[in-house]
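Asks: Produce the entire structure from the sequences given, and follow the hints as far as they go.
Residue 9 in UniProt numbering is what sits at position 9 of the sequence shown, and the numbering runs on without skipping anything.
Please keep in mind that the hints were generated in silico from the structure rather than gathered at the bench.
Bear in mind that the values here come from a model prediction, so they are computed numbers and not experimental data.
Built from N, CA and C at the ideal position, the CB exists for glycine as well.
One should not assume that every hint holds.
[As the list claims (entries may be wrong)] If you anchor each label on the Cβ, the simulated ranges turn out as follows:
no., residue 1, residue 2, range
1, 50, 149, 30 to 38 Å
2, 149, 128, 26 to 34 Å
3, 94, 47, 30 to 38 Å
4, 40, 124, 15 to 23 Å
5, 160, 68, 31 to 39 Å
6, 199, 179, 30 to 38 Å
7, 203, 168, 46 to 54 Å
8, 131, 97, 19 to 27 Å
9, 156, 40, 44 to 52 Å
10, 142, 114, 23 to 31 Å
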Amino acid sequence: MKSGDSTTIDVPESAARSTSSKGKAPAVVAAAPVPRAAGGKRALAIFDLVLRISAIVAALAAAAAMGTTEETLPFFTQFFQFQAEYDDIPTFQFFTIAMAIVGGYLVLSLPFSIVCMVRPRAVGPRVVLLILDLMALTLTTAAGAAAAAMSYLAHNGNPNTNWLPICQQFGDFCQKATGAVIGSLIAGALLSMLVLISAMALRRV
Numbered sequence: 001m002k003s004g005d006s007t008t009i010d011v012p013e014s015a016a017r018s019t020s021s022k023g024k025a026p027a028v029v030a031a032a033p034v035p036r037a038a039g040g041k042r043a044l045a046i047f048d049l050v051l052r053i054s055a056i057v058a059a060l061a062a063a064a065a066m067g068t069t070e071e072t073l074p075f076f077t078q079f080f081q082f083q084a085e086y087d088d089i090p091t092f093q094f095f096t097i098a099m100a101i102v103g104g105y106l107v108l109s110l111p112f113s114i115v116c117m118v119r120p121r122a123v124g125p126r127v128v129l130l131i132l133d134l135m136a137l138t139l140t141t142a143a144g145a146a147a148a149a150m151s152y153l154a155h156n157g158n159p160n161t162n163w164l165p166i167c168q169q170f171g172d173f174c175q176k177a178t179g180a181v182i183g184s185l186i187a188g189a190l191l192s193m194l195v196l197i198s199a200m201a202l203r204r205v
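Replies: Structure (C-alpha cells):
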C-alpha cells in the first residue's frame, strides 16, 4: 500500500442508522386526554332521573289530592244536603285530568332518562325529552294557574259579581284543593329544571 493512497470503507445505511440511534432515549407518545364531556353529561342524566322521579310524586300527589277533595257539612235538611266535590267545579276537573296526564307521561319518560344515563352522548332521546317536557310544563302551568285562580275565588269570593266565599263553610275542601295546587307548582318547578338540564346536555354535544 502506498502512503499517498487512501482507503475508503463503505458502511451500510442501516448500520449507520443503528449506530447513530444509540444513546438516544426512545420517543414517548403522549396519551390523548380523556374527554370530560361524557362524565358531565352522565352526571346531568343522573340528576335528570332523580328530578323526574320527584316530579312524578308531586304530579300524582296533586292529582290524587284534588281527585279526593270533597266535604259534606254536618247540617242538612230533608231536601238539601250541603256537599262540595271537586267535580262540581270544571276547573278542578281539568286540573285533576291534566296532572294525571303529566304524571303518566313522567312515568313513561323514565326509560328515556335511563338511556340518556347509560349513553350520555345520545342526542335523539334527549331531544325527545326536551320537547315532551316543554309540553308537560305548559300543561302543568295552565292547570295550576286555573286551579289557583279558582281557589282564590273560593277563599275570597268576588263582591262585584256577588260570588260569596265558600271556604268559610267548606274549610277542609278548600284546604285539600290548595294543597293540590301547591303540588302542581312543585311539579312545574321540577319540570322547568328538567328542561334546563336537557338544554345543557344538548349544548355539550
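Asks: Work down the list of hints and note, for each, if the structure agrees.
Replies: Structure-based check of all given hints:
1. 50 with 149: 30 to 38 Å: 32 Å, holds
2. 149 with 128: 26 to 34 Å: Between residue 149 and residue 128, where Cβ atoms are some 32 Å apart, the hint holds.
3. 94 with 47: 30 to 38 Å: 31 Å, holds
4. 40 with 124: 15 to 23 Å: Given about 19 Å between the Cβ atoms, the range holds.
5. 160 with 68: 31 to 39 Å: 32 Å, holds
6. 199 with 179: 30 to 38 Å: 31 Å, holds
7. 203 with 168: 46 to 54 Å: 52 Å, holds
8. 131 with 97: 19 to 27 Å: 21 Å, holds
9. 156 with 40: 44 to 52 Å: For residue 156 and residue 40 the Cβ distance comes to about 48 Å; the hint holds.
10. 142 with 114: 23 to 31 Å: Holds, since residue 142 and residue 114 (Cβ atoms, about 29 Å apart) stay within the stated range.
Comparing the model with each earlier hint shows no violations; every hint is respected.
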